[in-house]
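Which chain is which? The protein sequence lines are A and B, in order. The opening position of the first sequence corresponds to residue 1 in full-length UniProt numbering, with each subsequent residue numbered one higher. The opening position of the second sequence corresponds to residue 1 in full-length UniProt numbering, with each subsequent residue numbered one higher.
Hints are computed from structural coordinates only; laboratory data are not their basis. Note that the Cβ used here is the ideal one computed from N, Cα and C, for glycine as well. It cannot be assumed that every hint is accurate.
Just the calculated beta-carbon pair ranges, DEER-fashion [stated by the list, open to error]:
1) B:Asp-303 to A:Glu-83: 25 to 33 Å
2) B:Glu-366 to A:Leu-284: 47 to 55 Å
3) A:Thr-97 to B:His-85: 39 to 47 Å
4) A:Glu-83 to B:Ala-231: 45 to 53 Å
5) A:Gln-37 to B:Arg-390: 49 to 57 Å
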Amino acid sequence: MAEPRRNARQNHLALAKQVIGIALERGLQSGEHLPEQVYSEACGVSRTPMRAAFKILEENEILSWREEEGYFLETGPQDGLTEAAQLLEEMEDSLATRILSDRAARRISDVQSVSALVRRYGRSRNTVLNALKILARDGIVTQLPGRSWAFQPILDTPRSIEESLQFRLILEPQAITAPGFALESKKAGLLRAQMQAHLQTRQGRIGSASFMRIDTEFHGFIAECSGNRFARGALLAHHRLRRATQKDISIPDFRLRQSLEEHMDILDSLEKLQFDVAADLMTLHLRRSRIRRPDAANRGIVPLMRGPNA
Amino acid sequence: MRGRNEAPVIAFFPEASFGAALNCVGIAQELARMGAEPVFVCHPGFTGVFADYGFKEYHLPEPPGGSAQASADYWQAFINTHMPHFNLDAQAQLDTYVAPTWEAIVDTAIDAEAGLAALLDQIRPDAIVLDNVIMFPAIARAGCPWVRIVSCAETELPDAHVPPYLSGLAADDPARAGFEKAYARATRAAHRRYNDFRRAQGIAPLPQGIFLENGDLTLLLSPEAVRYERARPLPADRFAYLDGCVRTESRFDLPRLPVAEGPMVYLGFGSLGAIDTALITRMIAVFATLPARFVVNVGGFLDAYDHVPDNVYLGDWFPQPSVVEQSALFIHHGGNNSFCEALYHGVPSLVMPYCWDGHDNAQRAEATGTGMRIGRADWNGETLRTAILRLLDDEAMRTRLAAISGRMQANPGTRRAAEAILRLL
Numbered sequence: 001m002a003e004p005r006r007n008a009r010q011n012h013l014a015l016a017k018q019v020i021g022i023a024l025e026r027g028l029q030s031g032e033h034l035p036e037q038v039y040s041e042a043c044g045v046s047r048t049p050m051r052a053a054f055k056i057l058e059e060n061e062i063l064s065w066r067e068e069e070g071y072f073l074e075t076g077p078q079d080g081l082t083e084a085a086q087l088l089e090e091m092e093d094s095l096a097t098r099i100l101s102d103r104a105a106r107r108i109s110d111v112q113s114v115s116a117l118v119r120r121y122g123r124s125r126n127t128v129l130n131a132l133k134i135l136a137r138d139g140i141v142t143q144l145p146g147r148s149w150a151f152q153p154i155l156d157t158p159r160s161i162e163e164s165l166q167f168r169l170i171l172e173p174q175a176i177t178a179p180g181f182a183l184e185s186k187k188a189g190l191l192r193a194q195m196q197a198h199l200q201t202r203q204g205r206i207g208s209a210s211f212m213r214i215d216t217e218f219h220g221f222i223a224e225c226s227g228n229r230f231a232r233g234a235l236l237a238h239h240r241l242r243r244a245t246q247k248d249i250s251i252p253d254f255r256l257r258q259s260l261e262e263h264m265d266i267l268d269s270l271e272k273l274q275f276d277v278a279a280d281l282m283t284l285h286l287r288r289s290r291i292r293r294p295d296a297a298n299r300g301i302v303p304l305m306r307g308p309n310a
Numbered sequence: 001m002r003g004r005n006e007a008p009v010i011a012f013f014p015e016a017s018f019g020a021a022l023n024c025v026g027i028a029q030e031l032a033r034m035g036a037e038p039v040f041v042c043h044p045g046f047t048g049v050f051a052d053y054g055f056k057e058y059h060l061p062e063p064p065g066g067s068a069q070a071s072a073d074y075w076q077a078f079i080n081t082h083m084p085h086f087n088l089d090a091q092a093q094l095d096t097y098v099a100p101t102w103e104a105i106v107d108t109a110i111d112a113e114a115g116l117a118a119l120l121d122q123i124r125p126d127a128i129v130l131d132n133v134i135m136f137p138a139i140a141r142a143g144c145p146w147v148r149i150v151s152c153a154e155t156e157l158p159d160a161h162v163p164p165y166l167s168g169l170a171a172d173d174p175a176r177a178g179f180e181k182a183y184a185r186a187t188r189a190a191h192r193r194y195n196d197f198r199r200a201q202g203i204a205p206l207p208q209g210i211f212l213e214n215g216d217l218t219l220l221l222s223p224e225a226v227r228y229e230r231a232r233p234l235p236a237d238r239f240a241y242l243d244g245c246v247r248t249e250s251r252f253d254l255p256r257l258p259v260a261e262g263p264m265v266y267l268g269f270g271s272l273g274a275i276d277t278a279l280i281t282r283m284i285a286v287f288a289t290l291p292a293r294f295v296v297n298v299g300g301f302l303d304a305y306d307h308v309p310d311n312v313y314l315g316d317w318f319p320q321p322s323v324v325e326q327s328a329l330f331i332h333h334g335g336n337n338s339f340c341e342a343l344y345h346g347v348p349s350l351v352m353p354y355c356w357d358g359h360d361n362a363q364r365a366e367a368t369g370t371g372m373r374i375g376r377a378d379w380n381g382e383t384l385r386t387a388i389l390r391l392l393d394d395e396a397m398r399t400r401l402a403a404i405s406g407r408m409q410a411n412p413g414t415r416r417a418a419e420a421i422l423r424l425l
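Build out the structure end to end from the sequences listed, making use of the hints.
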């Protein structure tokens, strides 16, 4: 029974982090009210887990509770709200995510022995093996003959990010047009509400981590609705990999907002059962999302573009 | 001529470098807020960069032989040839780097001319904003006012009390005359060729060493704190100082590092500097020994790095103004945009110049007590460590910079530039 309880705790911690992200995006100041209903909708969850998340934030003195009034922000952006979010991240931390995040940050190489990981993280052999098994389930690591484990390609270089986009261009529109696509309308509505809330924030306030979360949620949702089980499985695994390893993308505020608008246009078409239009919009959205940036530029020289399509 | 109620169209034409491109983005953002319609003329390779900020783009055609492979080969040859030159002092770079770079710049002006003229005919702008170091005759002939942005150091506009351009000298340095003579000699051939091109295009030649005349309006980034008292002050009706020009960017959240404590230090050498992965690898080894967290911009070369220390975070691109704002120290190459962003956010600069006006800004940072210079070729682990720790601990410098930052933020250069451009129409 310990495992489900731990998972629930992890979900509540993740939700609490999401609440802080929203507070930062909306530029909330110390003393402002956080209505439970508004945050449940913004995060796409019911009120019960939201209460649990608020409770965690209260325990960490980030929110305060007032009888018959609800929760209020105690720690504002000037008082270290960002640092508070980092503390929560540490609480949420599991060994599997630490290993993956160290690989994505190129702290550890792509082939690892269990004993090297035991030494680095100061954890038991069994704990390390369990973490590797969790990563193996998502196809992030594979066991080599012997005692080593190899990381599969992750989204950590311009080339791999470009390859990821090309892969998605092949599969995501197909996932929509394949027979049997069924939109789950309640989840679609919640996602739409989250995206609208992001769009209402002040210019420059949408953080890249928070955009990445909502982006992978949206694309993962489209995959989940697909009628083709293989497309669904491959895309879901890929979006999990994106979410875990492609964290530091920096996109101008205008493009972040345009991207969210494009997500909502795709949802509009899906709700009207215009699957071909939605697939075309998805192609357009992905093509526009390609990060087009020279690797090097200098006066007097044609900029250097790398990647498969450069 | 546009109708009375139509938004004025302002065509930006930044050179193919990130400094100029992003500097123009900041001004264009402000112009859009004021109701104008900024558009961008782009060099190949910058396609999409401005569209992601919400601006319409017009694209210059690829130059002859401009395939991806040709550009990669050109860059490889550039790196092989010039990487050792970046270790030379400013005077020694005149023949090895500055002269061939001016030749290449003249080539880009000649190659772009026909395409630029056609695009300006299509856009029919109400004003043109040129952020470059060389003039394009098509702009002079476009029949609308044009604005020059000096986004390099102020030294680009000569004056007896301002040090010679690209010299890294102080204004009163005894080596001044020698440098000026050597600069004239090194740039003579490119300058002669450029003047021939100007004559052929029907515009007047320029005096020795000058590749770009002043516009109907000339804007200088140069912040007051580092500005020179000119022997011949620039007339206020045709020149405006912007006090930096920092754009709005998306917010950067530092991911959690295994080492969670310590001030944040940002290293960004620009896309040119990012090519020198060996130098950055050596610096990262020193960072591992320091009680701080380091955010390092390695450009498109992430895969050149392994075993990244627990207090270091690498990325191929950062929303620089947001990162600088959160940093306690900015290590950069002396690019003028970087230097201005450091001043705007009150952050000390540790300048390791590579070339061009990086030398001038390194000298100016030391002279004004806003930073320190460290040579690319003459540092070791101990000198770099000492420099970083000294700047992190320098309370007097921090106080000075806070005052500079307060003044710059009270009247942002992007707004001053946009207002001055609109007044010109």
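- Task: Could you tell me which of the numbered hints above are not met by this structure, giving the numbers in increasing order?
- Result: Structure breaks no hint.
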